[in-house]
Every structure is written in C-alpha cells, then in structure tokens.
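Based on these hints, arrange chain B on the given structure of chain A.
There are 2 protein chains.
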Amino acid sequence: MYHVKVYITYKPSILDPQGEAVKTALHRLDYQNVETVTVGKYFEIDIKDDGRSIEDEVEKMCDELLANVNMETYRYEIESVTQTAED
Amino acid sequence: MYHVKVYITYKPSILDPQGEAVKTALHRLDYQNVETVTVGKYFEIDIKDDGRSIEDEVEKMCDELLANVNMETYRYEIESVTQTAED
Numbered sequence: 001m002y003h004v005k006v007y008i009t010y011k012p013s014i015l016d017p018q019g020e021a022v023k024t025a026l027h028r029l030d031y032q033n034v035e036t037v038t039v040g041k042y043f044e045i046d047i048k049d050d051g052r053s054i055e056d057e058v059e060k061m062c063d064e065l066l067a068n069v070n071m072e073t074y075r076y077e078i079e080s081v082t083q084t085a086e087d
Numbered sequence: 001m002y003h004v005k006v007y008i009t010y011k012p013s014i015l016d017p018q019g020e021a022v023k024t025a026l027h028r029l030d031y032q033n034v035e036t037v038t039v040g041k042y043f044e045i046d047i048k049d050d051g052r053s054i055e056d057e058v059e060k061m062c063d064e065l066l067a068n069v070n071m072e073t074y075r076y077e078i079e080s081v082t083q084t085a086e087d
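Heads up: the protein sequence lines correspond to chains A and B, in order.
Taking the working numbering, the leading residue of the first sequence gets 1, the next gets one more, and so forth.
Taking the working numbering, the leading residue of the second sequence gets 1, the next gets one more, and so forth.
Isolated chain A (complex conformation) (with noise of 0.2 Å):
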C-alpha cells in the first residue's frame, strides 16, 4: 500500500484571487508581516500496490484529473504502508 500526498499550486504566471483575498484577510486581523499567500489543493490518496509504477500512476492520475495542467502545478510525496494483518 501506498500513502501519497499531492499538492497543487497555480503556475507562478497564474493570478490566484484566493491567495490575495486570504492576504487581505490575515493583514486586517494584523498579520501586517503576512508577504505572500498561495492557496492550493491537497490531496491524500492510498493506493494499493498492484505492481505498476506507483509514480507512473500518480502522475497520469494529476494530469488526468487532479490538476489543470494548463494553470497547475502539482508535487507529491509517495510513502510505502506495510499493511498489518488485519488491513
């Protein structure tokens, strides 16, 4: 089994709206030290190792829905889970 965390930002050339309105928010709650905010989506996904390229899997999986390639960028971190008996 496999334990992965995907993480998914816009492109630096890609305005995000969200990240300035968090901004905004946190300076008039006084975080004046608050530069920049970026806001993106966070996936943990278990998959079960079937033998094939987990790494091959993960990234077909963001280019063929989790991400918008054409304004995202995604990262992922695979970890393996050795499953107890009882799993």
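Read the hints as simulated data drawn from the structure, not as lab findings.
Keep in mind that the hints are not guaranteed to be accurate.
Listed next, the in silico DSSO-like pairs over lysine-lysine satisfying Cα-Cα at most 27 Å (straight line) [what the hints assert, rightly or not]:
#: 1; chain 1: B; residue 1: K60; chain 2: B; residue 2: K5
#: 2; chain 1: A; residue 1: K41; chain 2: B; residue 2: K41
#: 3; chain 1: A; residue 1: K23; chain 2: B; residue 2: K41
#: 4; chain 1: A; residue 1: K5; chain 2: A; residue 2: K23
Note that the structure is a prediction, hence the values are computed from the model and not measured.
Just chain B now, with coordinates in the frame of chain A:
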C-alpha cells in the same frame, strides 16, 4: 523570512464528499487500486520575521481564519528562508 506550508483536512469523523467524488472518478478512469481519497486545502505563506514566535502566529492564523476548527484539522511546516540583499 519564513516560508510556511499549511495543510488543512477534514477531521476523520467528518464525511468528505469531495474525497468520495474524486475516488469514484479515479475508479472510472480505471484506477481501481485507489482505496481512499482525502481532499484538503493547502497554503504557502511567506511571513516576515518580526521577532514573535512563528509557531504561535501560524496557529492563530489557522484558528482565526484558515481552518474551520469545528470540522477541520491542520498541520504546518516552517522553513526559515535567509533573505538575500535584493529581496
């Protein structure tokens, strides 16, 4: 300067309809080995060091704005970034 990454997900007891929807979509794309999907929010925040405890500040930002603490949990990672002359 600090570069902070914040990960916000639903508490385990809370139903995650988005996660279920993504899992169903992945199964339809033939990723049958996907067992569970959790969807969350992800923030990257650059914060100027003003001498106050960065951990306290990040936790207050999460409690006051970034997370709905009734339904969500958060974790964060803090990187200290040395500013170069032209920053």
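Structure-based check of all given hints:
Under the criterion of a C-alpha separation no larger than 27 Å, the hint pairing K60/B with K5/B is consistent with the structure, at around 14 Å. Taking the CA atoms of K41/A and K41/B, the gap is near 5 Å; set against the 27 Å cutoff, the hint holds. This hinted pair checks out: K23/A and K41/B have alpha carbons roughly 15 Å apart, not beyond 27 Å. Proposed proximity of K5/A and K23/A is supported: the alpha carbons are some 25 Å apart, at most 27 Å.
Checked against the numbered hints above, the structure violates none of them.
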